[in-house]
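Taking the hints into account, I'd like the entire structure generated from these sequences.
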Amino acid sequence: GDSVTQMEGPVTLSEEAFLTINCTYTATGYPSLFWYVQYPGEGLQLLLKATKADDKGSNKGFEATYRKETTSFHLEKGSVQVSDSAVYFCALSESDNFNKFYFGSGTKLNVKP
Amino acid sequence: GAVVSQHPSRVICKSGTSVKIECRSLDFQATTMFWYRQFPKQSLMLMATSNEGSKATYEQGVEKDKFLINHASLTLSTLTVTSAHPEDSSFYICSARAGGTAGTGELFFGEGSRLTVL
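Going down the list, the sequences are from chains A and B. The opening residue of the first sequence carries number 1 in the working numbering; numbering runs sequentially from there. The opening residue of the second sequence carries number 114 in the working numbering; numbering runs sequentially from there.
Don't read these hints as lab results, they were simulated from the structure. Computed from a prediction, not measured in an experiment: that's the story for all the values here. Every residue, glycine too, gets a C-beta built ideally from N, C-alpha and C.
Derived list of chain A stretches under chain B, where covered just means 3 residues or more per stretch with a C-beta under 8 Å from a C-beta of chain B:
# : region
1 : 44-52
2 : 99-107
For lysine to aspartate or glutamate, the following EDC-like pairs were computed, each having C-alpha atoms within a straight-line distance of at most 20 Å:
# : chain 1 : residue 1 : chain 2 : residue 2
3 : A       : Lys100    : B       : Glu219
4 : B       : Lys154    : A       : Asp2
5 : A       : Lys49     : B       : Glu219
Some chain B residues judged to face chain A by a derived CB distance under 10 Å, without partners named:
#  : residue
6  : Val116
7  : Ser118
8  : Thr145
9  : Gln151
10 : Leu159
11 : Ile206
12 : Gly223
13 : Glu224
Written out as structure tokens, the structure is:
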């Protein structure tokens with residue numbers, strides 16, 4: 001069945017460091033891929049998404065490219081800030097059932113001043 | 114943007130009691146809401162799809178008599194964990210889709226509810 005695997009955390013970085021959070025997926029068909037972010041005490045918020053191969057999703061300095069050949073959707077940011085500290089979830093939705101989401105286990109990011 | 118709110122955010126109960134968790138869409142109507150649970154260091158797993166005015170659709174392996182879902186209005190879905198046991202302790206999170214045609218609107222999530230069963 002469909003699944004998402006993302007790197008375990010926590011990831012601890014200094015401010016202005018480069019961030020990569022790896023995410024790979026297994027799916028039949030052509031899923032849409034997402035990154036969600038959860039700040040402390042809040043719900044998951046959509047950070048970015050890509051709906052087909054080679055699409056790049058970007059938002060707030062974060063970006064991720066849908067790589068079908070490597071079944072990956074790694075999240076990157078060139079210079080992290082303390083305010084980026086949160087839990088990041090990679091997810092996919094099935095191409096024939098966009099209501100059904102599969103999530104990774106989440107990666108906690110801690111950014112230190 | 115659209116907001117989905119859950120209540121309570123944390124609940125502790127004794128084994129054998131029932132616990133109700135509410136999920137509200139604050140500024141939009143949601144004919145469909147979704148309930149997930151997350152065990153420590155594991156993925157969020159879809160439990161069921163809550164349909165306004167009709168029965169919920171449960172994922173394989175989820176006991177519908179254990180996890181009662183009621184979607185009585187376009188802005189409220191409730192999840193009741195009946196006769197809770199320690200193994201039901203988990204993080205429960207709901208989501209709702211706002212707008213869009215044929216359910217294509219963005220999915221918004223609540224802040225989650227941490228259930229601890231003693």
